[in-house]
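These protein sequence lines are chains X and W, in that order.
Going by our numbering, the first sequence opens with residue 1, and the numbers climb by one from there.
Going by our numbering, the second sequence opens with residue 1, and the numbers climb by one from there.
Worth double-checking, as some hints may not be accurate.
Stated by the list, open to error - Now the in silico label distances, taken between C-beta atoms and shown as ranges:
1. VAL816/W / ASP111/X: 31 to 39 Å
2. ARG9/X / THR800/W: 29 to 37 Å
3. GLU96/X / ARG239/W: 55 to 63 Å
4. ARG239/W / THR65/X: 37 to 45 Å
5. LYS95/X / THR91/W: 47 to 55 Å
6. TYR64/X / GLY71/W: 16 to 24 Å
7. VAL783/W / ASP40/X: 35 to 43 Å
8. ASP111/X / GLU819/W: 56 to 64 Å
9. THR65/X / ARG669/W: 32 to 40 Å
To be verified - Simulated coverage check for chain X against chain W, where a stretch passes if three residues somewhere in it have a Cβ under 8 Å from a Cβ of chain W:
10. 57-63
11. 146-157
FYI, nobody ran anything at the bench for these hints, they're computed from the structure.
Computed from a predicted structure; not experimentally measured.
Ideal Cβ positions, reconstructed from N, Cα and C, are used throughout, including at glycine.
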Amino acid sequence: MLIEKYADRIEKTFSKYPDKRSAVMPVLYIAQEEYGWLPDEAINEVADICDMDPTQVRSIAGFYTMYSEKPKGKYWLQVCTDLPCALRGADKFHKELKEYLGVEEGGTTDDGMFTVEHVMCLAACDKAPMLQCNFHYVENLDMDKMKALLDEWRAEAKEDK
Amino acid sequence: MSELVTIYIDGQPYEVPKGANLVDVAKFYADNGIPVFCYHPKMEPVGMCRMCLVELGTIMRDRDSGEVITGENGEPQVRWFPKLQTACTTTVTDGMVVRTNTDAVIEARDDMIEFLLTSHPLDCPICDKGGECPLQNLTMAHGPGRSVFYWEDKVRLAKHVPLGELIYLDRERCIQCARCTRFQDEIVGDDVLAFHERGRELQIITVSDPPFDTYFSGNTTDICPVGALTTADFRFEARPWELKDIASLDVYGPEGANISLSTRLDRDAGGIVIIKRVMPRQNEAVNEIWISDKTRFGHHHTRAAERLTKPKVRVGDRLVEAEWDHALEVIRKHIKPNVSVGAIAGPTLSNEDLWELRKLAQAVNAGAKLSIYPATMTGGDIIAQVGVGVGTNFKDMGSGTTIVVVASDIEEEAPIWYLRTKVAGDRGAKILVLNARETRLDHYAADSIRYDYGAAVSAVNDLAKHEAVTNAENLVLICGAEGMTLEQHGELMNACANLLVSTGHVGRPNNGLLAVWEGANVQGAFDVGFSTEATAEMMAKVPDLLFIAGCDPIGESAEAAGLSKAKFIVVNSLFDTPTTAVADVVLPSQSFAERDGTFTSGERRVQRFYPAQGVIGQSQTDWRIFASIRNGLNGSAVQRLTAGVFKELAGEIAAYEGLTYPALAVVERQFPDVGGDDLYYGGTAYQNNGGLGVQYPATSEAEGAKPSKFATKGKKTSYKGLTAIPVNRLYDRGYLFKYSDELMQQRIGEPFVVINPADAANIAGGSRVGVTIDGVQYEALAVVSEDAPKGFVLMPKRLTSQPGPFAPAAIETIEVIAEPVGA
Ligand code: SF4
Ligand code: FES
């Protein structure tokens, strides 16, 4: 249960807002961290915590692209392919990354490790190709660097287990 | 009305109320229909659809002198907004200039329609809204006349999504106006509908549990500007252009909701005209454009297979069908001088029925007892004295008004009053809820005052010192009878009246008392001279000759069992019931849909309803049946119409003096003017063409009236041991609603009782229990919850076919019959 496991963080989040309802977005992030995405179970918990109707919470999750309504890999790789990035080769990079991992756009590797998708501007055009991995920026990429990183993350995931 | 300002629409000046919405104003004052999709006159504007774009400007004035600046030609100079503006988010101010017929505006409308249609399935030929669809109409009026619908790019979404049991969603047709979501959120306060995703993927969802489950869900299908929301009741049933609308009234509640019956000749119903659907009919003072789902979907009883088609006469221990003449003759034979007579009128008898019943009963015996069923509430005379003032309108209530609801779960008992109270609260009115338990309205209450069952009177007396009452400019009390005997309710009505009189809140609009009567015409029954006290007396001392009409006391109320002891019983009924089973003569009467008449609402508004449906079998209007019996006594025939009966009644009942059928049928233009061809504006609610009705004044409104004090004994009743509190549920198996179709049957649910955890030591929630009262066992599902106060068990009335208690009753035992399923 989120409310038990993250009691402190939720409490702290609430303190920043006039009412519980206003805190729904940060609480959704907490839920997403815990579940990896936002299944109905998570939505219901958040609704309870923020004293809202689950439909409203689901609506918010559906509107914002940074909430995931489908299961994601452990590492969620979002490559910016907007024009300035593309000019620096981001679209090619995006394509190669998918090929290397053997996934379609938005797909997840069979081992459940990586999900790749393209996103709109992440405001780091000068450091393209870049991506965000679970919302952390990784910049100035090429495929060699990327492969090394992927190995690193795989190893990290193994340790976690 | 508020301050007036001058605005110019397409060059013409109009004097309009300051701060009003531009769309409303243009339509009402300038007859200029600015097209809208998302805007709805009953909800806050959101400016989502951009259909209402207009050119907007203000007349320029000199900053220092305030003089209007004129150009070379002497015309005032206008400062125009550089771009088109949404009219729906604009409130009018002095000197506002609007253009709605320029090329820019026409092109914008054209573009918006074109844009909407790129994502619309255009399945009008199979769409229920076709023919009364705002999108169709506005497309014809403002659209480009050609489509840029790319087949490859067609939006494909689910087309038959049940949002609950009553409402279906077609996701492709939705044009994303958010009227339905806003209705649920703003008006009903149950935000179970919302948008999901964005852009062309945007769609209505509900993931709530239960899903779309309010008592008002049907209204969303009226306001949806396309066929995205349809009712399970009317889906694929008829085309709008085949339907004829007949003005009528809700038969279930005291609010007097105005409805329109959409009727059509129907093969499946044996070629008679039947009701295909029930729609709201606009009456801004009564129900605006809202009706409850019970009102909307509860029309099937009018032509249920169980309807009686012929009179029946007792032969030995059987009732056998007979001709009318014979049945009436049998009754007349039993009318002997000096027999004691009683009449029991159900809550849906019209004023005309009541009048003729009274005349019949009194013709037999001047001392006849005239009584009302159900005998749970009293004080019709108090309402006639200190009821809400003429011109009272919940719509005008806001800050400065206090609305007190006492002893009523008003959402269940009078859903339209609930809705309007809630919305008045949103506008700033203070809501006080006094009850022994929590009800839905508590969510919106400025203060919830809990008393123990039996102590309502002193809770009301204490209100005199409550800050929300002492500071109120306007005060309305809405009084129910939950957890009371008839006598206790009499006390409570007195206490309420007393509070209003002593604080000076009587005799003017938006002040006074309302009683949550259990039915559409209980007020009328009191006015015509019937009473619930008579019912109680009659149950104690049963008369020889008994007329029962429009109700099933023996089937519903445990207290009524003794009535069967009457020597000769005549029952007018739509159906065979436990009451007709003990009758000597059963006469088939007509439902409200087959006949005309008047009802008097809880706000004392006398309103007409009209014949809509073909007559079932040989059924007759109640008043005509009574008149036939009475006239037969002296050999004359009934030679009058309903209007004639009303005329006679109005001549004899002081409060109804001067009321006539034509007066009740008068219609005035209402603001906002919803209905007619202007479907786009307010939805498919019907324009009122049947009359707004007339609210007769309470006696406290007369010049120089000094309403006397109402005395209460202020006695508290304390209950010892576990006590059953009968409560009302909107959906029940009462006399009429019992014969609803499947759709409603599943909503009524099985009988249950609510027990406080402290009283449920050995009872698990979900188990089947037997509650024994007065030696009779009632079987029900046990709900263990704090909703029931400690020491009390809530027992909804009329959920089973077994007659139950209508007044608080001591519980002898509760035994578990079966443990919860799966335990
Ligand atoms: S379902 Fe109807 S009312 Fe609801 S948003 Fe769509 S078009 Fe509007
Ligand atoms: S934006 Fe004004 S009606 Fe929709």
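Structure-based check of each hint:
{"no.": "1", "hint": "VAL816/W / ASP111/X: 31 to 39 Å", "result": "violated (53 Å)"}
{"no.": "2", "hint": "ARG9/X / THR800/W: 29 to 37 Å", "result": "violated (51 Å)"}
{"no.": "3", "hint": "GLU96/X / ARG239/W: 55 to 63 Å", "result": "holds (58 Å)"}
{"no.": "4", "hint": "ARG239/W / THR65/X: 37 to 45 Å", "result": "holds (43 Å)"}
{"no.": "5", "hint": "LYS95/X / THR91/W: 47 to 55 Å", "result": "holds (53 Å)"}
{"no.": "6", "hint": "TYR64/X / GLY71/W: 16 to 24 Å", "result": "violated (50 Å)"}
{"no.": "7", "hint": "VAL783/W / ASP40/X: 35 to 43 Å", "result": "violated (25 Å)"}
{"no.": "8", "hint": "ASP111/X / GLU819/W: 56 to 64 Å", "result": "violated (47 Å)"}
{"no.": "9", "hint": "THR65/X / ARG669/W: 32 to 40 Å", "result": "violated (49 Å)"}
{"no.": "10", "hint": "57-63", "result": "holds (count 4)"}
{"no.": "11", "hint": "146-157", "result": "violated (count 0)"}
Of the hints listed earlier, those the structure fails to meet are numbers 1, 2, 6, 7, 8, 9 and 11, in rising order.
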